[in-house]
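Required output: the full structure, derived from the provided sequences and hints.
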Amino acid sequence: MAIRVQREDFDVGTELDALTRGRTDIGALTSFVGLVRDMGGEAKIGAMTLEHYQGMTEKELAAVEREANARWKLSATLIVHRYGRLEPGDRIVLCAAASPHREAAFEACHFLIDWLKTKAPFWKLEDTPQGEKWVEAKADDDRAADRWRNPA
Amino acid sequence: MAIRVQREDFDVGTELDALTRGRTDIGALTSFVGLVRDMGGEAKIGAMTLEHYQGMTEKELAAVEREANARWKLSATLIVHRYGRLEPGDRIVLCAAASPHREAAFEACHFLIDWLKTKAPFWKLEDTPQGEKWVEAKADDDRAADRWRNPA
Amino acid sequence: MKILWFAWLRTRVGTATENVDPPASVDDVAKLLDWLAARSPGHAEALAKREVVRVAVNQEYVKLDHPVTKGDEIAIFPPVTGG
Amino acid sequence: MKILWFAWLRTRVGTATENVDPPASVDDVAKLLDWLAARSPGHAEALAKREVVRVAVNQEYVKLDHPVTKGDEIAIFPPVTGG
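Protein chains in written order, with our numbering: chain S, 32 to 183; chain L, 32 to 183; chain R, 15 to 97; chain B, 15 to 97.
Since the hints were made in silico from the structure, they are not lab data.
Check before you lean on any hint, since a few could be wrong.
[As the list claims (entries may be wrong)] Have a look at the derived ranges for each label pair, beta carbon to beta carbon:
| id | chain 1 | residue 1 | chain 2 | residue 2 | range |
| --- | --- | --- | --- | --- | --- |
| 1 | S | A49 | B | D86 | 43 to 51 Å |
| 2 | B | E59 | S | P131 | 31 to 39 Å |
| 3 | S | H132 | L | P160 | 20 to 28 Å |
| 4 | L | D42 | B | D86 | 33 to 41 Å |
| 5 | B | A30 | L | E167 | 16 to 24 Å |
| 6 | B | N33 | S | A49 | 50 to 58 Å |
| 7 | B | K77 | L | D177 | 14 to 22 Å |
It should be emphasised that the depicted structure is a prediction, and the values quoted were computed from it without experimental measurement.
For each residue, glycine too, the CB sits at the ideal point set by N, CA and C.
Below, the structure written as C-alpha cells:
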C-alpha cells in the first residue's frame, strides 16, 4: 500500500514494476492513468492548475486505499496524484491494484479512481479562451462513486 | 489499434507511453497485465510454457480488438501477448484501452482480457512437482466472457 | 480558530487563510458558516449556495451539526474535482 | 487436407501436423472427426470427449456442420487457456 501526492510527473512503468517486482503471488495488475484532455466541457482548454488541501489530501487518499484493501483481496495498491500546473496530455493520477485474480484487480482499481474523485480534496482551475474557470463537480462522478456504496 | 504476439518480455511503461504520447484527446488509460503466479490451482508450479496457433492467434487478437473498438468510443487500444517459456512473476499479457472517458477505458480493457481468454488460441503447460500438466479451461473465464455477450 | 478557503470559495473570500475568534455561541459548523457569511460581501457570496459547500474540521469531512472549538482547523470548499 | 493438433490433443495424437486425404464422403467437420478418430488409438483418445474439442477451419472457429474440402487447414484443439 502506498500513496503519493506530488508536483512532478511519474513514470508509469517504474511505478507498476515496483508493485510486482520479486512477487510470484500476483496474477493480475490493473492500472488507471488520468490525463489532461484539451476539451473541458464545451470550451477548449489550454492548461490547468490543480489545487489541493495538503495534509487532508494524503489522509483521504490513504483512506480510499485502505477501503479498497478492506473490500478486495489485494496484493498491492498504489495511488499517485499530482498537483500544480498541468498541460493537455499530462498525466494527473495513477491508480493501480494487484491481486491473484483479475476481477478483484479490475474492481479495486476502478473503485480507487471513482472513490478518490469524490473524496480527495483537489480542485481544477482550467485556462479557457474566456479566462480561468473552476471545474464544476460532475453528477456522473457522483453516480460512479454511488455504485460502490452498496457493494454486491 | 495494435496487437503483438511475441516471445520476448515487454516494457509496460514504454507500451503505455506510446499509446498516449502527443495526444491531448485522451482522458483515461486503463491497462491490465497478467502475470505467472506460482499457484496453479492447488499445485505449486515452477515455470510454464505457452503454446499458440501462430496465424490464428494474430487474427483472433485483432478481432477482439476490433470488437472493443466497435463497442466503445476508444482513442487507442493495445494487446501484447507472449508465448514460450515463462517463469513465475513473468508478464504474460498486456491489454490497454484509452478513451476520453474512464468508464469506456475500464470496460473496454476488461472486455479485451475477458474476451481474449476464451478466443485467442493459447494453451498453458505448467511444470508441477507431479510433472507437466496442461491447464484446464476455467468455467470462471467462460462466465466472465459471457457477461459481454449481452452488452448493457 | 483557523479557517481555510479553497478553490472558488477562496477567490470570492479573497484569502486562503484567516484566523477568526467567533463568540462562544458559535459552537457548530452551521452557526460558524452563518457567522462567517456576515464578515464581508465576499464571504456572503462564497457561502450563498450552502448546498455546494463542503466542510472539514481538522481534515475530516463533517456535517453541519458538527461542533467547532477554538483550536480547530476548519476548511471550507466546493465539491472536489480531482482525479 | 492439413490437420494441426494443439496442446493435449497433440500429445495424445503424437504429432503436431499431419496431411490426410479422407474420402469425398467426409465433407464436414463432424465426419472428419469420426474419420480421424479411427486412424489410431491416440487419435481415438484425443477425440474421445468430443464436447471439449474446438475446431478451426482456415483459422476461423467453426461448428461441427461446417464443410471441409481438400485444400483446408484444419486445427483441432482443447478450450483455450491464454491470457
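- Task: Sort out which numbered hints this structure fails and list those numbers smallest first.
- Result: none
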